[in-house]
Amino acid sequence: MIKKLLIANRGEIAVRIIRAAKELGIKTVQVHSAADVQSLAVEMADEAANIGPPHAAKSYLNIEAILAAAKHTGADAVHPGYGFLAENANFADAVKEAGLIFVGPSGAAIRIMGDKVAARIAAQSAGVPVVPGSDGRVDDSNEAKDIAARIGFPVMIKAAAGGGGRGIRIAENMAEFEALTPQASAEAKAAFGDGGLYIERVITRARHIEVQVLGDGKRAVHCFERECSLQRRRQKVWEEAPSPVLPQDIREKLCASAVALAEAVNYSGAGTIEYLYDDGSEDFYFIEMNTRIQVEHPVTEMVTGIDLVREMIRIAGGEALRFRQSDIKLAGHAIEVRINAEDPAKNFAPFPGTVASLNVPGGPGTRFDTMLYQGYQVPPFYDSLLGKLIVWDETRDAAIFRMQRALGELRIEGIKTTKSLHQLLCEDDNVRKSDFHTRWLEPWLETNAHKLEAMTQ
Amino acid sequence: MTKQLLSPLPGTFYRRPAPDKPFYKKEGDAVAIGDVIGLIEVMKSFNEVKADVAGTIVKFHADNEEPVMAGQLLVEIG
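Chains as they are written, first to last, in the working numbering: chain A, 131 to 587; chain B, 15 to 92.
Honestly, the hints are just simulated from the structure, not real lab data. These numbers come from a predicted model, not from an experiment. Ideal Cβ placement from N, Cα and C applies to all residues, glycine included. Warning: the hint list may mix true and false statements.
Said to hold, decoys possible - Only some residues are given here: those of chain A computed to face chain B with a beta carbon under 8 Å:
1) Ala179
2) Gly182
3) Pro184
4) Asn272
5) Ala320
6) Phe322
7) Gly323
8) Pro480
9) Ala486
10) Phe511
11) Asp513
12) Ser514
Unchecked claim - In silico DSS-like cross-links for lysine-lysine, where the CA-CA straight-line distance does not exceed 25 Å:
13) B:Lys58 <-> A:Lys188
14) A:Lys188 <-> B:Lys17
15) A:Lys319 <-> B:Lys58
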């Protein structure tokens, strides 16, 4: 049993974790940087500990300072939230070595899933479909051609030793492939001293669908899927559960594959397995596993009634998973939109500042997870997420109307936010018909820039 | 007469493009109009700070990775 939980994070997720801990009768310690003294999480927690200057590298990423705060306050467990140290295997190990409970999976499970190749191998051996590719490096050009022909065009050619998108080329057909392969190999050799390549099919019109799992190290269950295809610069802006396009038989296969992978790595806690889904062919492909609670977890909570954050704390405290798969039922539809301190009229430029006034939406099926309060100064040092507006209703159509109603009630004065973006999305025909994919939003933003500008003034 | 270059934004000031790269400018270096002297990170987005006068860097008033307010003195150019 956990008695005192240290929250190694900030913002809305710190508030969310404190709420779950309080409901379990667990004391809380909120660590904070010098810039977060006035934060809502610090105000709500039983104790607070300053762990350093505003710069995250010196505070929220400072493992020594966090462990020292745990020792000083007598905390017996650490919740990493999301971002910062949440998927740092060395941090999970260090917490354990300090004699404390890490609210999350083992360092070993984080390490496997954090390594692209190891994660792909783990997925394949658990029977989870992966994006068709070369299964490792390719050095021979004839072998490369055979692989490209087998997996089908378009294909992506990447440096086996590379990273960060450098040297990625896309070939639409064999002629392009034959022209691009030597260039890619030469560039990889020049950049990384290794001309080895990696080949993978490009899924052109993919939807982003992810499965929520809970595990206790022995057994795992899924809490169905979320769809997060509306993205800007690979950042999700609108998430929903369930996916509006997944046929029931595919849903069952997808969710079962996620459970198989979680059990294969003896997963403990809350985790998410992300997939690309091709709604034309109804194929799904594993991309990666996130070994933490995710920003968009509330939509799953709304459609299953399970408090994921509370469950992950209970599991970390030593309780066995309290659910059988048949206990978990999907009901209705939930949508979450991210309210960021950004100006939609100015290409989403960050907008830190002071919250002059705040009106939080209420009413049936409406939830606003936030760290805001009137008078709060949003610091410029961290990400721009201010809160998440989540609605639930019986159907997706009704949930969109409810979201429009709730957005109308939400008023944040003093700073610019992405509220107007979501109001416009709610009115869009493609959004209403669920006709979108992961590259749909960016061109839509260009087309609708003038409307966003008019709405944000 | 030195000219003061103020931070255009609140955030974190960086004197180099990446932790493993050298400083953009050191004290005593010559600067031309438009030279990048640092970055301000605001909510994970990076904005270049450019010199609006030519001259020599006299003194940095903000350190690498230091939190700064909008309007705070970053560097004196003489």
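So, going through the hints one by one against the coordinates:
1. Ala179: violated (19 Å)
2. Gly182: violated (11 Å)
3. Pro184: holds (4 Å)
4. Asn272: Result: violated, 39 Å to nearest chain B Cβ.
5. Ala320: Check failed: Cβ of Ala320 (chain A) comes no nearer than 19 Å to chain B, outside 8 Å.
6. Phe322: Phe322 (chain A) check fails; min Cβ-Cβ to chain B is 16 Å, beyond 8 Å.
7. Gly323: Hint violated; Gly323 (chain A) Cβ to chain B Cβ min 17 Å, cut 8 Å.
8. Pro480: holds (4 Å)
9. Ala486: This interface hint is violated because 17 Å lies over the 8 Å limit.
10. Phe511: holds (6 Å)
11. Asp513: holds (5 Å)
12. Ser514: Holds - the Cβ of Ser514 (chain A) comes within 8 Å of chain B, reaching about 4 Å at its closest.
13. B:Lys58 <-> A:Lys188: holds (16 Å)
14. A:Lys188 <-> B:Lys17: Between Lys188 (chain A) and Lys17 (chain B) the Cα gap is close to 32 Å, so the pair fails against 25 Å, i.e. violated.
15. A:Lys319 <-> B:Lys58: violated (32 Å)
Violation of the numbered hints given earlier is confined to hints 1, 2, 4, 5, 6, 7, 9, 14, 15; the remaining hints are satisfied by the structure.
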